[in-house]
Amino acid sequence: MRAQRFSLLAIVGILLFLVGVAFVNSNSPGDFGITLLSGLFQGMLLFLVASGLSIVFGLMDVLNLAQGSYFMVGAYIAYDAQHPGGVIDLMGALPDPNVRFIAAVAIAVASGALLGYMLERGLLRPLYSRPIFQLVLTFGVSLIALEAVKFIWTTTPYSWTELFGVRETFFELFGQRFSTYRLFVVAIGGVLIVAIGVLLQRTRIGIIIRAGVEDREMVQALGINVRAVFTLVFTFGCAIAAFGGAIAAPFLGASTTLGSVFLLQAISVVVLGGMGSYAGTAVGSVLVGLSIAVAQDTAIGTSFAALPSITPMLLLVLVLLVRPSGLFGNTR
Amino acid sequence: MTTLLDVREIHTFIGQFHILEGVSVSVQTGGITVLLGRNGAGKTTTLRSIMGLLAPTRGSITFDGAPIHGKRPHAIAQMGIGYVPEHRAIFKGLSVRENLQLAERQRGDYARKSAFIFELFPDLARLIELPGGNLSGGQQQMLAVARALVPDNRLLLIDEPSEGLAPVIIEQLIAAIQRLSDQVSVLLVEQNFRVASKLAQRYVIIEEGHSPISGAMPDLMRDQALVQRYLGVA
Numbered sequence: 105m106r107a108q109r110f111s112l113l114a115i116v117g118i119l120l121f122l123v124g125v126a127f128v129n130s131n132s133p134g135d136f137g138i139t140l141l142s143g144l145f146q147g148m149l150l151f152l153v154a155s156g157l158s159i160v161f162g163l164m165d166v167l168n169l170a171q172g173s174y175f176m177v178g179a180y181i182a183y184d185a186q187h188p189g190g191v192i193d194l195m196g197a198l199p200d201p202n203v204r205f206i207a208a209v210a211i212a213v214a215s216g217a218l219l220g221y222m223l224e225r226g227l228l229r230p231l232y233s234r235p236i237f238q239l240v241l242t243f244g245v246s247l248i249a250l251e252a253v254k255f256i257w258t259t260t261p262y263s264w265t266e267l268f269g270v271r272e273t274f275f276e277l278f279g280q281r282f283s284t285y286r287l288f289v290v291a292i293g294g295v296l297i298v299a300i301g302v303l304l305q306r307t308r309i310g311i312i313i314r315a316g317v318e319d320r321e322m323v324q325a326l327g328i329n330v331r332a333v334f335t336l337v338f339t340f341g342c343a344i345a346a347f348g349g350a351i352a353a354p355f356l357g358a359s360t361t362l363g364s365v366f367l368l369q370a371i372s373v374v375v376l377g378g379m380g381s382y383a384g385t386a387v388g389s390v391l392v393g394l395s396i397a398v399a400q401d402t403a404i405g406t407s408f409a410a411l412p413s414i415t416p417m418l419l420l421v422l423v424l425l426v427r428p429s430g431l432f433g434n435t436r
Numbered sequence: 692m693t694t695l696l697d698v699r700e701i702h703t704f705i706g707q708f709h710i711l712e713g714v715s716v717s718v719q720t721g722g723i724t725v726l727l728g729r730n731g732a733g734k735t736t737t738l739r740s741i742m743g744l745l746a747p748t749r750g751s752i753t754f755d756g757a758p759i760h761g762k763r764p765h766a767i768a769q770m771g772i773g774y775v776p777e778h779r780a781i782f783k784g785l786s787v788r789e790n791l792q793l794a795e796r797q798r799g800d801y802a803r804k805s806a807f808i809f810e811l812f813p814d815l816a817r818l819i820e821l822p823g824g825n826l827s828g829g830q831q832q833m834l835a836v837a838r839a840l841v842p843d844n845r846l847l848l849i850d851e852p853s854e855g856l857a858p859v860i861i862e863q864l865i866a867a868i869q870r871l872s873d874q875v876s877v878l879l880v881e882q883n884f885r886v887a888s889k890l891a892q893r894y895v896i897i898e899e900g901h902s903p904i905s906g907a908m909p910d911l912m913r914d915q916a917l918v919q920r921y922l923g924v925a
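Those protein sequence lines, which keep their order, are chains A and B.
Residue numbers are given in the numbering used here: position 294 of the first sequence equals residue 398, and the series is strictly consecutive.
Residue numbers are given in the numbering used here: position 225 of the second sequence equals residue 916, and the series is strictly consecutive.
It is worth saying that the hints were derived from the structure and are not from the lab.
Hints are not guaranteed to be accurate.
Here are some of the chain A residues that sit facing chain B, going by a computed Cβ distance under 8 angstroms [said to hold, decoys possible]:
1) 311
2) 314
3) 318
4) 321
5) 324
6) 325
7) 326
8) 327
9) 329
Away from chain B, derived, C-beta distances all over 12 angstroms, residues of chain A [unchecked claim]:
10) 113
11) 116
12) 239
13) 364
14) 429
Chain B side only, calculated, beta carbon under 10 angstroms to chain A, not exhaustive [stated by the list, open to error]:
15) 744
16) 746
17) 776
18) 783
19) 794
Being a predicted model, the structure only gives us computed values, none of them experimental.
We put the CB at the ideal spot given by N, CA and C, even for glycine.
Let the hints inform the model, and build the full structure from the sequences given.
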């Protein structure tokens, strides 16, 4: 109980601090709004990488260092499918850019799921009793994914040019133009946070996952095929990360640095929230996302350009100093 | 009476330690068989080997005539074996209801069995929405046994149910296990000789990784020398 109260206080404190800094830095309500929205946008994208990372770690004790690569691959595939030329050319088949975007996201998610399935079934499964090998394996897979992306799409970053529905519209608030697309991503992220939470709390597979995080052996002894659950969860985690990359691409484009940047930030989210805690991952994503946006805003016009990239780590160090198991972590 | 479970001359290693060096256990359909023996003799390892949680390197295990050694734990459980491990292994973050629902092997198992379960353990009905971690030791033990009763199991492996519990709770458990043994066969590990003698009809003694002697419980209780030799109690 005391630990929970402390976590709650810490979350509120960090939130107030970030919002306060954003407020002090802003010149107008519109400016303030932009910082908050871009923080939430970043937070939701982070959640899509971190949720898979966290659930897979909690259930399977596997830290999937290739999780960021699935995000990157998702971004490239969505970009490729949306734009003319490239590997997947949908221009002729789907001339409407909105429909094409939906198809592009679907292809990215399906590819993420397939690649995730292949990694778990083909490579990870023989290594469940060897944790260090798993780390090396997933790290190796992330390097292969990076080289494969460079081979197929070259190292030149792509920025999104094919506009569609929500991507090109804006709404106005406090005399400031906001991109509807950011709001769209934040809404999708919010819906997914709730949906996955309900899935974990209410469904049989959710109960199995929560039980498996506590005691895998007993779950097996009850007659549940834990390996099949591993495959399902791992595949799902990779698909979600690819989904994140796909919906991030219209804003962030596709580049080879996406994977490592998002992996690093997602790891700080998972550790900050508490390893294996779903609520911790959701809250951690928002906090880290906001901290990055606030730091970006603060760093403008100063010589401290590195501030946004070190802020998640600073936040992490600060929380871990007081609570080594993270905000929602079990002390085990 | 037919043989439900037949463990023949199994050898099991934990790491490099040769824990079971030829253990044989036979469980008949109906009633309770108890594994007796000193601490570290290999009783828990025997149960874990049957469940597939440890892999015997030699010997055979058949359940209802079908070989089960080498199968994975979930497949063994699905054949109709319920496991109530030492220290209960309740899921602390799951509610009592979720603990029970998790054990379903077919949709509706929990709904079908809940009346029988709550008749055996009335406390659980009252605690149904509480997290497993909030339960007392005795309540957790009852939940662990109840969980094994949710699916249609034909054999329960129950490891040290009385360990660390107050005498009054132990009496309740004895009554419950006696009642459920009308419906399902039980292979019990029990250090408490008094509890074992109340419950079991047959016994197998495990001694340093072997199973030197087995038989009918009343015969063992008459043979004080045997009890003294293998169990150190009289």
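How the hints compare with the structure:
Checking residue 311 of chain A against chain B by beta carbon gives a least distance of about 5 angstroms; that is within 8 angstroms, so the hint holds. Annotation: interface hint on residue 314 of chain A holds; nearest CB of chain B at approximately 6 angstroms, less than 8 angstroms. Using the Cβ-Cβ criterion of 8 angstroms, the hint placing residue 318 of chain A at the interface with chain B is satisfied: the shortest such distance is roughly 5 angstroms. The beta carbon of residue 321 of chain A comes within 6 angstroms of a beta carbon in chain B, closer than 8 angstroms, and the hint placing it at the interface holds.
Satisfaction of the interface hint for residue 324 of chain A is found here, the shortest Cβ-Cβ separation to chain B being roughly 4 angstroms, below the 8 angstroms cut-off. Interface hint status for residue 325 of chain A: upheld, as the beta-carbon distance to the closest one in chain B is roughly 4 angstroms, under 8 angstroms. Interface restraint check: residue 326 of chain A against chain B, minimum CB-CB distance 5 angstroms, threshold 8 angstroms, status holds. Contact between residue 327 of chain A and chain B, as hinted, is supported at the beta carbon level, the nearest pair being about 4 angstroms apart and thus within 8 angstroms.
Using the Cβ-Cβ criterion of 8 angstroms, the hint placing residue 329 of chain A at the interface with chain B is satisfied: the shortest such distance is roughly 5 angstroms. With a cut of 12 angstroms on Cβ distances, residue 113 of chain A stays outside the contact zone with chain B, its closest approach being about 23 angstroms. At roughly 24 angstroms, the least C-beta separation between residue 116 of chain A and chain B is larger than 12 angstroms, which holds for a residue marked as non-interface. For residue 239 of chain A, the condition that its CB be more than 12 angstroms from all CB atoms of chain B holds, with the nearest at approximately 23 angstroms.
Once the 12 angstroms rule is applied to beta carbons, residue 364 of chain A is consistent with being away from chain B; the minimum gap is 33 angstroms. Non-interface call for residue 429 of chain A relative to chain B: holds, since the shortest CB-CB distance, roughly 15 angstroms, exceeds 12 angstroms. With a cut of 10 angstroms, the hint placing residue 744 of chain B at the interface with chain A holds, because the nearest CB-to-CB distance is about 6 angstroms. A cut of 10 angstroms between beta carbons decides the hint on residue 746 of chain B: the least distance to chain A is about 13 angstroms, and the hint is violated.
Given hint, residue 776 of chain B at the interface with chain A, holds; its Cβ is 7 angstroms from that chain's nearest Cβ, closer than 10 angstroms. Because the beta carbon of residue 783 of chain B sits about 6 angstroms from the nearest beta carbon in chain A, less than 10 angstroms, this interface hint is met. The interface hint given for residue 794 of chain B holds, since its Cβ lies 5 angstroms from the closest Cβ of chain A, which is under the 10 angstroms cut-off.
The structure is inconsistent with hint 16 alone, although it conforms to all the rest.
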